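Undergrad: Chain B: place on chain A using the hints.
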Amino acid sequence: MRDANSFDDFYRSTSGRAIRYGYAVAGDPAEAQDLVQEAYARAWRQWAKLAAHPAPEAWLRLVISRLAADRFRRLRGWRLAASRTGPPPDVGPPGEDTVLLVGALRQLPPRHRQALALHYLFDLPVEEIAREAGVPAGTVKSWLSRGRARLAELLPGVAAEELEVNDVA
Amino acid sequence: MSPELHRYYRSLAADTDERVLPAPDRLRRSADRWARRRAALTVLAAAGLVAGTVAGSQLVLAAEPGPDPAPPPAGTPTPRPSSVAPSAAPSSLPPPSPSVGRTPGSRSPVVTTTPPAASTPTSIPDRAFFVLPAANDAGTGNYFGPGPVLPVLCGASPGDERVVARRARSLPYRRAGATADEVPSGNYRHSITIYRSGGAGAALAELRAAVRACPEQPARGTPPVTVRQRLLPDSGYGDESVLFETRTPYRDANGDPSGGDEVHLIRAVRVGDVVSLLWEQGWESTSTERAQFDADSRRAVEAVRRWLD
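As you go down the protein sequences, you meet chains A and B in turn.
According to our numbering, the first sequence is numbered sequentially starting from 1.
According to our numbering, the second sequence is numbered sequentially starting from 1001.
Isolated chain A (complex conformation) (with noise of 0.2 Å):
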C-alpha cells in the first residue's frame, strides 16, 4: 500500500533540487523536466518500500543520474504517456552565465558533472558523493579537480589553480 501523502510532501519538498540537479546533469532544461518526471514516477511505483529508505532523495538523484546517462531509450515511454497532458508552460530565457555553464558541462564525462552538481547544488562533502556514485573517495576527488580544470578552460573568469582542499572536503 502505497502512502499518497507522505510521497507527495517528498515530491513537494525536494523536486526543486532534483530539477536543478537533472539540468545540471543533462544539461538541457526540458530533458530535465522529462527525466526528473521519469524519476519521481519509479519512485511512485516504488514507494511502498522507498518511502522507509533512509536516503529516498539520494536513490532519486541516482535514477535521474541514470536516466541522463541513457535518456534517449528511457525516456521513449514517458514521453508517449506525458504528451497526453500537453507541453509544459513557457520559460523565459535561461542567463548568459547559465548557457556557459551548461555548453561547458556538455564537454565534461557525466560522472564528472554528477560529481560537480553534487558538490556545488547540494554541498555534499567527498565523502556522500563517493558514497552515492558508488567509488572510493579519491576517485570523486579526482573528478571534482579534473571536473573544475575543464570548466575553468571553457568558462570566462574561472581560476585554473588547484582544488583547495576546503573546496572539495
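In case anyone wonders, no lab produced these hints; they're calculated from the structure.
Fair warning: this is a prediction, and the values are worked out from it, not measured in the lab.
The C-beta atom is built at its ideal place from N, Cα and C for all residues, glycine as well.
Heads up, some of the hints might be wrong.
Claimed, not checked - Simulated pairs of lysine to aspartate or glutamate, DMTMM-like, Cα-Cα distance not exceeding 25 Å: (1) A/K141 / A/E127; (2) A/K49 / B/D1160; (3) A/K141 / A/E153; (4) A/K49 / B/D1032; (5) A/K49 / B/E1161; (6) A/K49 / B/D1025; (7) A/K49 / B/D1126; (8) A/K141 / B/E1004.
Said to hold, decoys possible - Just the calculated beta-carbon pair ranges, DEER-fashion: (9) A/R146 / B/G1139: 36 to 42 Å; (10) B/R1298 / A/P136: 49 to 55 Å; (11) B/E1289 / A/A69: 46 to 52 Å.
TA: Relative to the frame of chain A, chain B by itself:
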C-alpha cells in the same frame, strides 16, 4: 573556494527554479496510467505470441500430406490466451537498485487495510500539525518526509502493525530570546499517526513497554557511547500520554566524557485513535528545555483536537 563556479551554478539554479513540474497528484496519475498501459501491452504481446504459435502449428499440421486425415494433436497442449494471460500479467517492474550502500530502515510507515473507527479520519492534513509562535520560529519552515519517528529502542517498533496512516515532519525551532542569526535551538521530529480502532491505546502501552525493556543500549560513536532511556511521570496531555528521555554523556572533541548529559525528551499523546508524537532532537548537542517542550506538546495536542473536532 571557487566563487566563480559557485556563481555559475547559482545562475543555473535560479534559471531552473522557473521551471515548474506538474502537481504531485497529476504525476502520480500519469505514472499509474503508464504502468497500466505497459502491463496491458505485455499481456497483449504474450497473447499474440501464443495465438500466432498455435495458428502456425495448425497450418503446418494441416499442410502435411498423408493417406489418412491427420488426427487431432491430442498430445499437443493447446494453450489459450486466457490461460496464459495471468502468468504474463504481472509485468514486474524491478526496482532500480538504490546502490548507495544503504538498506531500507525497518521503521517504515505500515499501512494496514483495517480502517479506524468511523469518526476517525484516514488521512492527515497539514492543519493537524501545530504552528510555532513567531518567537520560536527558526525561519527554516518544516520538512515533511520519511524517516524514523522514534529513537531506536533496542529494535522495538511499538504499534507499527496497527497504523492506518502516518505523516511526519522535521521542524527546527528557536528558543524565545535567541537572536535571529543564531543556529536553531533544536529540532523536533513531529509525527501524527492514525491507528485502527483501539490501536492507539495499545500502541502507547507497547511504547511504555519498549522503553522499560530498553534501559540502555549502545549508540554510534567513537569511542562507543551508551544511551540510556527511562520513562518519566506525565499527565495532563490528551486522553493519555507517554513521556520518556534519552540520555547520553557529553563528550569533548576527543570523545572523552566532559561532565553532564545530553538529554532529549519524547512525548506521545493520544487523542482518540490518533497519536501525536514530539521528539526533541537538539541541535549540535543541545539538550531539551522542558518548559519549551511542554508548551509545544500542548500546541501539538491542540492542533490535533482542532482537526478532529
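Undergrad: Could you run down the list of hints and mark each one as holding or not?
TA: A quick look at each hint next to the structure:
With a C-alpha separation of about 10 Å, the suggested pairing of A/K141 with A/E127 holds against the 25 Å cut-off. This hinted pair checks out: A/K49 and B/D1160 have alpha carbons roughly 15 Å apart, not beyond 25 Å. For the hint pairing A/K141 with A/E153, the CA-to-CA distance comes to about 18 Å; that is within 25 Å, so the pair holds. A hinted pair counts as satisfied when its Cα atoms are at most 25 Å apart, and A/K49 with B/D1032 qualifies at roughly 16 Å.
Pair hint A/K49 plus B/E1161 holds up; C-alpha atoms about 16 Å apart against a cutoff of 25 Å. Of the pairs offered as hints, the one joining A/K49 and B/D1025 holds, with about 19 Å between alpha carbons and a cut-off of 25 Å not exceeded. For the given pair, A/K49 sits about 24 Å from B/D1126 by alpha-carbon distance, which is consistent with the 25 Å threshold. Our distance criterion of 25 Å between C-alpha atoms is met by A/K141 and B/E1004, whose separation comes to about 19 Å.
Between A/R146 and B/G1139 the CB atoms are about 39 Å apart, so this pair conforms to the stated range of 36 to 42 Å. At roughly 50 Å, the beta-carbon separation of B/R1298 and A/P136 lies within the given 49 to 55 Å, and the hint holds. Between B/E1289 and A/A69 the C-beta distance comes to about 49 Å, which sits within the given range of 46 to 52 Å.
The structure fails none of the hints (numbered hints given earlier).
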